[in-house]
Amino acid sequence: MTAALDAITVVFVLAGCFFFLAGNVGLLRFPDTLTRLHALTKADNLGLGLVVIGLMPRMDHPLSALKLLLVWALGMLAAATVGQLIARSVLRRGLPIWKGPQ
Amino acid sequence: MTAFPLLDPALCFVILTTAVLAVAIRTVFAAVVSFIVFGLLMAIAWVRLGAVDVALTEAAIGAGLTGVLLLSTVARIAKHRADRGDDVPILEGPEPDPAPTDPLPGLATQSLAIVLSAAVAAALVAAVALLPVPAPGLVAEVGSRLSETGVESPVTAVLLAYRGYDTLLEIVVLLFALLGVWSLTADARWGGQPGLRHLARPDGVMAYLGRLLPPIGLLVGVYLFWIGGYRPGGAFQAGTVLAAVWLLAVMAGLVPIPKVSGIRLRLALVIGPAVFLAIGLAGYPLHGAFLGYPPAIAKVLIILIEAGLTISIATILGLLVAGAPEERPS
Amino acid sequence: MSVDSLFTQPGLYGVTGALAIGIGVYGLIVRPHLVRKIIAVNMVGSGVFLLFGAVADRAAPGPGGDPVPHAMIITGIVVALSATALAATLTLRLSRETGRTALPPEPEDPAVQDKES
Amino acid sequence: MPGVVWGPDVGSGLLALAVVLPVAGALLILPLGRHAERVPHLLFMAGLVLATAIAYHVWIGGVLTAAIGGWPAPLGIVLRADGLSAVMLLTTALVLVPVGIFAAGEFQPRTADGRESRAGLLFWPLMMGVWAGLNGTFLSNDLFNIYVALELLTLAAVPLVTLEGKAGTLAAALRYLLFALLGSLLYMLGAALLYGTHGTLDLTLLADRVRDDASALIAAALMTAGLLAKTAMFPLHLWLPPAHGGAPAAASAILSALVVKASFYLVVRLWFDLFPSLLDDTGATVLGLFGAAAILSGSVLALRQARLKLLVAYSTLAQLGYLFLMFPLAGGGTEAQPWTAGAWSGGIFHAVSHAFAKASLFLGAGILVQGIGHDRIADLRGAARSLPMVIAAFGLSGLSLMGLPPSGGFIAKWLLLTTAMASGRWGWAVVMFAGGLLAATYVFRVLNRAMATPEQPLRLVQPVHQSRQLAVLFLALVSVLLGLVPAIPFELLQIGGGLSTVEGFR
Amino acid sequence: MSEFLLGAAFFLLITVAGGLVRVVLGPDQADKMMAAQLLSSGGIAILLIVGVGLQLEGAIDVALVVALLAAFAAVAFVKGTSQAGTGDPEAVGVDQLTTLRQDAPQGRPDSP
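Residue numbers (my numbering), protein chains in the order written: chain A, 1 to 102; chain B, 1001 to 1330; chain C, 2001 to 2117; chain D, 3001 to 3506; chain E, 4001 to 4112.
No lab work stands behind these hints: they were computed from the structure. Yeah, the Cβ is synthetic: ideal placement off N, Cα and C, and Gly gets one too. A few of these clues could be false.
[Said to hold, decoys possible] A few chain D positions that, by computed beta-carbon distances, are all more than 10 Å from chain B:
(1) Trp3071
(2) Leu3155
(3) Ser3215
(4) Thr3418
[Said to hold, decoys possible] Between beta-carbon pairs, the in silico distance windows are:
(5) Val3286(D) <-> Ala1108(B): 16 to 26 Å
(6) Pro2104(C) <-> Leu1116(B): 21 to 31 Å
(7) Val3049(D) <-> Pro1215(B): 18 to 28 Å
(8) Gly3033(D) <-> Val1255(B): 15 to 25 Å
(9) Phe2007(C) <-> Ser3277(D): 27 to 37 Å
(10) Leu2006(C) <-> Leu63(A): 37 to 47 Å
(11) Ala3(A) <-> Asp3208(D): 51 to 61 Å
(12) Gly94(A) <-> Arg3304(D): 33 to 43 Å
(13) Arg1264(B) <-> Met59(A): 37 to 47 Å
(14) Ala1118(B) <-> Met4001(E): 36 to 46 Å
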């Protein structure tokens, strides 16, 4: 039974790490601010969620598992709202917007 | 103990890179951002060193509040430059940076700085190397007398029982920092609301965040306050989280900060140190010494002190970040 | 004289603390902008606390460590924040009154204006 | 384990009160706001009574120690009051009472139209904070607790510099804050290294465990460098004149007379109690050279000042130099000489008499600024006629600065000079003579300008209340009185002092 | 297992450190702040993994505090860029959105 739980942890944490890598590559490679927002709000949250799911079986008390979920929820809430605010501030300040690969 | 030997050198290297960035990076805003990242990595380093209490404090105060304080300072400096009609349009255009890069001083000062900082760093590395291997510490003493303090978490026992006098002076230091900040208001604005008046779109995302996060923050704050007795946590970390969410509600324009001359605000500031002082003086008859807690009721006294401290710390830290009153009192 | 103690976990963090102090001192002297000086002072503070934490970790390795230095570091961080808040407000006031964000080169005469009748 | 405090060791019970009283004062004044006029003066009086009680208990019962919370040394924090701490506590309380009376004329919590005044209200809790920081530093026997007390002192003193809201003082306050913060961090770094090596931060325990090895030297160097920055000693003195010159008179009196003395007191504690054997010739001579450079540069710069407050601020730099001459004369690793105790007492004596003289000078300068509208030395003609008591106080304090009999400064310099000559080190004696001469020039420069008969009598811009002039005169008289009856303070100083016994080192 | 977890933390640390490049290069302040946000969410993951790897129950609380305060720092930044500290980015410049809609023919109508 613990081998199965360990396997879940390994798989999910690795997947989480992959999405964090994807997020970072996105942050560095994307052409303009608005597209980079995807890296921040999408890839990272998925990475964090997978890591949280991967770590949940390791928790000895169900309450700490709940706390892990709260951390993930907070992460998502922060990313969503901040992404919206930054996007609106970028638009308002009229920064150059990438119009596709001319 | 080092299950994965590569993690520590990597963490140290990234910490030092962020430190160099915070000093050497071109613009002031980027320096503040690097400093926020530095604070976060320090919190990870503290967890790696097993000091979870310190990690909590560093994450809440070092990375959190100090970062926000510096961010709002940079923004307000930009506002002052804009009000003065300086050339740099505030935060418009592709590379809007409020403060242009400031020139480095002459060669003499730079070389002096390099020599001095290298000397200090080298002396310290030598001192670290010279520290004796069987390191003396007070772990045993703290553990042996823990039962008399009525608290299980050793750090809370040290903070509030063994070295309670330090913590009393520390909350007084915090209060005097606030008095110092308030003393910098213009005379005409004395008595007004601290910080800038904030307005937000009623149905916008800011107001939504201002309504949603504070309850969660309150929950986390009370949780941190309560577990202070058993596990890492306590008044300082709880106070910081409460201050942060209170400021969030203020930024969302939902909650007005009470006036500086308001009596309720002043009592909230003073209650923490006052309760601590009263219990300290009660220590004379109860236990024969200042801040002496009789073991039987030590736990109750410590919880009382922590409750007072949490209220005062949350109020003081919130007002410290909000800054000196800038609004003309209505 | 145990140089190899530098490569154990506490030694490593102690050296990082020492180097962070060096970087902070350099930044404090070289950078004229006041917000950067505040950052440099905070960095020296964090370096001192990291070095103190490494010292504590040596006393009792593993989770927990020596609680006395940990309590002192928590006090130090709170004191550092209050000093930073005062320095930031002074900087803001200087920026609003004089428009400068750096200290004047040599200490010019403090404005003890004559209260001419 | 916890002896009943009301029994024989009443004295040790009082120690904690010396810090609790100012803190309680600050906490009381803030909510009272407009209605807190008389509270500070009552507290200053109570503080004077408390300081005398502590000094009395030290006088009859020897060194007092009080473990806070009943926790013994390595674990808890111990407050310790020996002769030196008792003298410094008394000086602080004795300087604060007249300064409080003086400041009452300038800082009222309630403005004329009944509103609460910013500076008027905040001045008093900040003074209480400085007082708590000072008492905390003088009494604490734990290195980290001293760090927190020093931070409280700095964070209460810096806002005093900018309290009058003048734009010029902002840069001075910022420079002061940055120097003080760096100083405190270096000090804490040294304390951290000592904890790492010896496992405790209690001074008495550390004094037995410290060996003269490289790590103790590095820790001592770091702590001394930090404290030199906070004492504005020669290489790190840039911040003091604009800060003390620009601050309001009552605040600059406290800053120059007491706040810089706290870090000097700690350097004395470090070098004479914690690392007595480490104070070899090189270390002591370096400190002495810093002192000599401070005397000469401070005095020369004081001569060139056009404004009285800045002249007095630069003279603080010079007089601090004398204090650091004590290290080569009293320490220096020379084998126990009968006169080394004299140099140690001479240094402390100079610190105390300078505190009274400097407080009187700054308050006098404050009255001049308020009375005749300016403090430009060139236009002081006729000031003696219109403000006789202030100029008389200026003369008396000048005596103490120059070190002429019968002032307290004379006794201090006499002790230092005899040690220098008895041990054949003429260099320090020459420096002291030069310093005294330069002090004489800048004091007399001001005096004869003030005594000169003006063409038309100098009109007072604003009448100065009698009690404020009496406060200035009282401080100058105490500084002179110290010279007339030095026996009692001399004996009090020797109790429990590191270097007090005549045969030199313990 | 803790060997694997700390190894994962090491990998995360390296990828997250990559974000520092954006802090240096980032043309606009928003990019730098986003990089900081990315670093902090990566930091939260590292905290969780190291906490579990070292059996430190408190590390989850640290992650909780970091998550809460990261949002707070981002809001402070966004407010800083709007009307210099007091306004709300959404309250301002609604008209600019309409101009955007004209010159972006293939874009979806922007939902306010």
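Results of checking the hints against the structure:
no. : hint                                  : in the structure
1   : Trp3071                               : violated (5 Å)
2   : Leu3155                               : violated (5 Å)
3   : Ser3215                               : violated (4 Å)
4   : Thr3418                               : holds (38 Å)
5   : Val3286(D) <-> Ala1108(B): 16 to 26 Å : holds (23 Å)
6   : Pro2104(C) <-> Leu1116(B): 21 to 31 Å : holds (22 Å)
7   : Val3049(D) <-> Pro1215(B): 18 to 28 Å : violated (52 Å)
8   : Gly3033(D) <-> Val1255(B): 15 to 25 Å : holds (24 Å)
9   : Phe2007(C) <-> Ser3277(D): 27 to 37 Å : holds (34 Å)
10  : Leu2006(C) <-> Leu63(A): 37 to 47 Å   : holds (41 Å)
11  : Ala3(A) <-> Asp3208(D): 51 to 61 Å    : holds (57 Å)
12  : Gly94(A) <-> Arg3304(D): 33 to 43 Å   : violated (56 Å)
13  : Arg1264(B) <-> Met59(A): 37 to 47 Å   : holds (42 Å)
14  : Ala1118(B) <-> Met4001(E): 36 to 46 Å : holds (43 Å)
Hints 1, 2, 3, 7 and 12 from the list above are not met by this structure, while the remaining hints are.
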